[in-house]
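Student: Sequence:
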Amino acid sequence: MDSFYIATSASGLVRRLADTVPMSSPSSPGAVVEDLVAYSRILTSSQCLHDLLILTIVVVLALEILTKLVYYLPGMIRGLLRRGGGGGESSSIPVRGKHLDNFSWKDRTFIGINKCMTGLFVYYYFGYLWSVRRSEAGHYGGDHHHDDHRSHLEEESLGGGSGGQHHTHHRDCCGGGSGIWSTSELSLANTLLPLPLLFVTYDFFYTLLHWLLHVKGIYAYVHKHHHHQKAPSRANTDAVNVHPLEFFLGEFNHVLALRLVVRGMPTIVGFHGTDVSWVGATLFIALGGILAGLNHTRHDVVARVPRLVPPLLSGSSSCGVDGGGGGVDTNGTSGGVGGGGWTVFDSKHHDVHHRIPQSNYGQYTVFWDRIFGTFREYDESDRVNPAYQLDPATGKTIVSGKEQLGYKKNDR
143 MDSFYIATSA SGLVRRLADT VPMSSPSSPG AVVEDLVAYS RILTSSQCLH DLLILTIVVV
203 LALEILTKLV YYLPGMIRGL LRRGGGGGES SSIPVRGKHL DNFSWKDRTF IGINKCMTGL
263 FVYYYFGYLW SVRRSEAGHY GGDHHHDDHR SHLEEESLGG GSGGQHHTHH RDCCGGGSGI
323 WSTSELSLAN TLLPLPLLFV TYDFFYTLLH WLLHVKGIYA YVHKHHHHQK APSRANTDAV
383 NVHPLEFFLG EFNHVLALRL VVRGMPTIVG FHGTDVSWVG ATLFIALGGI LAGLNHTRHD
443 VVARVPRLVP PLLSGSSSCG VDGGGGGVDT NGTSGGVGGG GWTVFDSKHH DVHHRIPQSN
503 YGQYTVFWDR IFGTFREYDE SDRVNPAYQL DPATGKTIVS GKEQLGYKKN DR
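In our numbering, the protein residues as written are 143 to 554.
Because the hints were derived from the structure by calculation, they are not lab data. A virtual CB, placed ideally from N, CA and C, is assigned to each residue, including glycine. Hints are not guaranteed to be accurate.
Claimed, not checked - Below, simulated PhoX-like cross-link-like pairs (lysine-lysine); rule was C-alpha separation at most 25 angstroms, straight line:
no., residue 1, residue 2
1, K257, K372
2, K372, K538
3, K248, K538
4, K366, K248
5, K366, K257
6, K358, K210
7, K240, K210
8, K372, K210
9, K240, K358
10, K210, K538
11, K210, K490
12, K210, K248
13, K240, K538
14, K490, K372
15, K248, K372
16, K240, K372
17, K490, K538
18, K210, K257
19, K240, K490
20, K366, K538
21, K538, K358
22, K372, K358
23, K257, K538
24, K366, K490
Said to hold, decoys possible - Pairwise CB distance ranges, derived in the manner of DEER restraints:
no., residue 1, residue 2, range
25, A331, R525, 35 to 41 angstroms
26, R518, L330, 18 to 24 angstroms
27, G239, V357, 20 to 26 angstroms
28, R250, I207, 40 to 46 angstroms
29, G359, T251, 39 to 45 angstroms
30, V342, T424, 17 to 23 angstroms
31, I410, K538, 44 to 50 angstroms
32, T251, V421, 31 to 37 angstroms
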C-alpha cells in the first residue's frame, strides 16, 4: 500500500510539473514573453513549489548515491578482477597537481546551491521533453504546423466535441495521452540510437562554452574557482564545485542538446530531428552524470567502441585507439595505438585539463578538441611528485604542509 501511494504521488507530481512547462513551439516574441509570464505565475504557485521541493530532495539524494557509486564501484570491480585472476595492474591516475584537501565555505556554498539547482534542471528537462514530444507529434506524422501551448491544450480538450472541428493531423504522442512515462512507444530508434547525437551535440556547445570560460577577462570571475582543485578525486562532489552560473549553463546545455536533436537543425546541417523517448533522455543525463563523476576521480577508466573503419583524423596516435577492443577498461591501460577500437571516453583526459587548462575542454568526449586542435594526450612519463599522492583511507594528501616543502628541497 505504501509503495502504491508513493508511486501514485510521484506520478501526480511529475504530471503536474510537466503540465506547467510551456509548449515548445515557434511564436512571435510577444507570445513568448506572455507565455513566460504565465509560466512564472504557475511555477510560483504553492502546489508547484511544494512539488519542486520534494523533487529537489529526491534528486539531491540520488546525486549522493551516484557520487558514492562512481567513487567506490570501479575499485570494487578491480578488486573482484584481481581475485579472479583478471588483471592486477594499477588503475589509479597518479596525482601530479596539488589536491584540494579541505573545502572552504565558498566551496560548500557553491556545491549546495548547485545540487539544489539540479532539482530545477531535472524538472525542466523532463517537462521540456514531454512538451516538445507532444508538439512534435505532428512533425513526425507529416504535419509541420505547431500550435502554441494554449491552442494545443484547447485542441486536446475540445477534440472530442461534436463536428470534429478541432481534429488535426496531429497524432497522439507519449502513449496516446498516457503521458511521458508510457512504455508503448519505446524502441531502439528513439532510445539508444539518439544517444551518440545527444552527447556529440552537447559537447560541441560545452567545448565552446568551456573555452570561453578560460578567456582571460572571464576566467577569474567564474571558472577559476573550479581550477582550485588540480587533482579532482571526490567524483560528482568535485564535479559540481563550480560557480553557480557555470553550473546553470552546463546543466541547461543538456536541454539545448535535447531540443536540437528532437527538433533538428535543417538550415545548418540538413538534419530534421528524431524522436527521443523518456528512457533515452534519462540515459543521456544518467550516463552524463557518471562520466562527469569519473572525470573527477583518480580512477583510470577508458571506454572504447570497435573500430570498423580506418582513422579519419590525421595521425593514428591522436585517435585515442587502444588495442584492448571495445568495452570499458578499468585496468589502467593507456589510450595508445592499436587495432582494437576507438577511445570515446578516457578519464585521464580531464585530469590533463585540470593540470594544463588550455586543453581538453570537452566534458564527455574530446571529439571536438581533436577537431579544434585543443586536444592534449595524457603522458604517463610526466613527473609524479610523491608529496602529492592521496591517502586511500582519508582521501587527502599523504604528505602536506611543511613536509611537502621538504620533498621539494630534496628533489632539487
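Student: Now tell me, hint by hint, if it's right for this structure.
Tutor: Evaluated hints:
| no. | hint | result |
| --- | --- | --- |
| 1 | K257 - K372 | 22 angstroms, holds |
| 2 | K372 - K538 | 13 angstroms, holds |
| 3 | K248 - K538 | 19 angstroms, holds |
| 4 | K366 - K248 | 13 angstroms, holds |
| 5 | K366 - K257 | 19 angstroms, holds |
| 6 | K358 - K210 | 35 angstroms, violated |
| 7 | K240 - K210 | 23 angstroms, holds |
| 8 | K372 - K210 | 21 angstroms, holds |
| 9 | K240 - K358 | 22 angstroms, holds |
| 10 | K210 - K538 | 17 angstroms, holds |
| 11 | K210 - K490 | 20 angstroms, holds |
| 12 | K210 - K248 | 23 angstroms, holds |
| 13 | K240 - K538 | 10 angstroms, holds |
| 14 | K490 - K372 | 13 angstroms, holds |
| 15 | K248 - K372 | 17 angstroms, holds |
| 16 | K240 - K372 | 5 angstroms, holds |
| 17 | K490 - K538 | 19 angstroms, holds |
| 18 | K210 - K257 | 15 angstroms, holds |
| 19 | K240 - K490 | 16 angstroms, holds |
| 20 | K366 - K538 | 21 angstroms, holds |
| 21 | K538 - K358 | 31 angstroms, violated |
| 22 | K372 - K358 | 19 angstroms, holds |
| 23 | K257 - K538 | 23 angstroms, holds |
| 24 | K366 - K490 | 20 angstroms, holds |
| 25 | A331 - R525: 35 to 41 angstroms | 49 angstroms, violated |
| 26 | R518 - L330: 18 to 24 angstroms | 36 angstroms, violated |
| 27 | G239 - V357: 20 to 26 angstroms | 22 angstroms, holds |
| 28 | R250 - I207: 40 to 46 angstroms | 20 angstroms, violated |
| 29 | G359 - T251: 39 to 45 angstroms | 25 angstroms, violated |
| 30 | V342 - T424: 17 to 23 angstroms | 18 angstroms, holds |
| 31 | I410 - K538: 44 to 50 angstroms | 48 angstroms, holds |
| 32 | T251 - V421: 31 to 37 angstroms | 35 angstroms, holds |
Hints 6, 21, 25, 26, 28 and 29, counting from the list given before, are not met by this structure.
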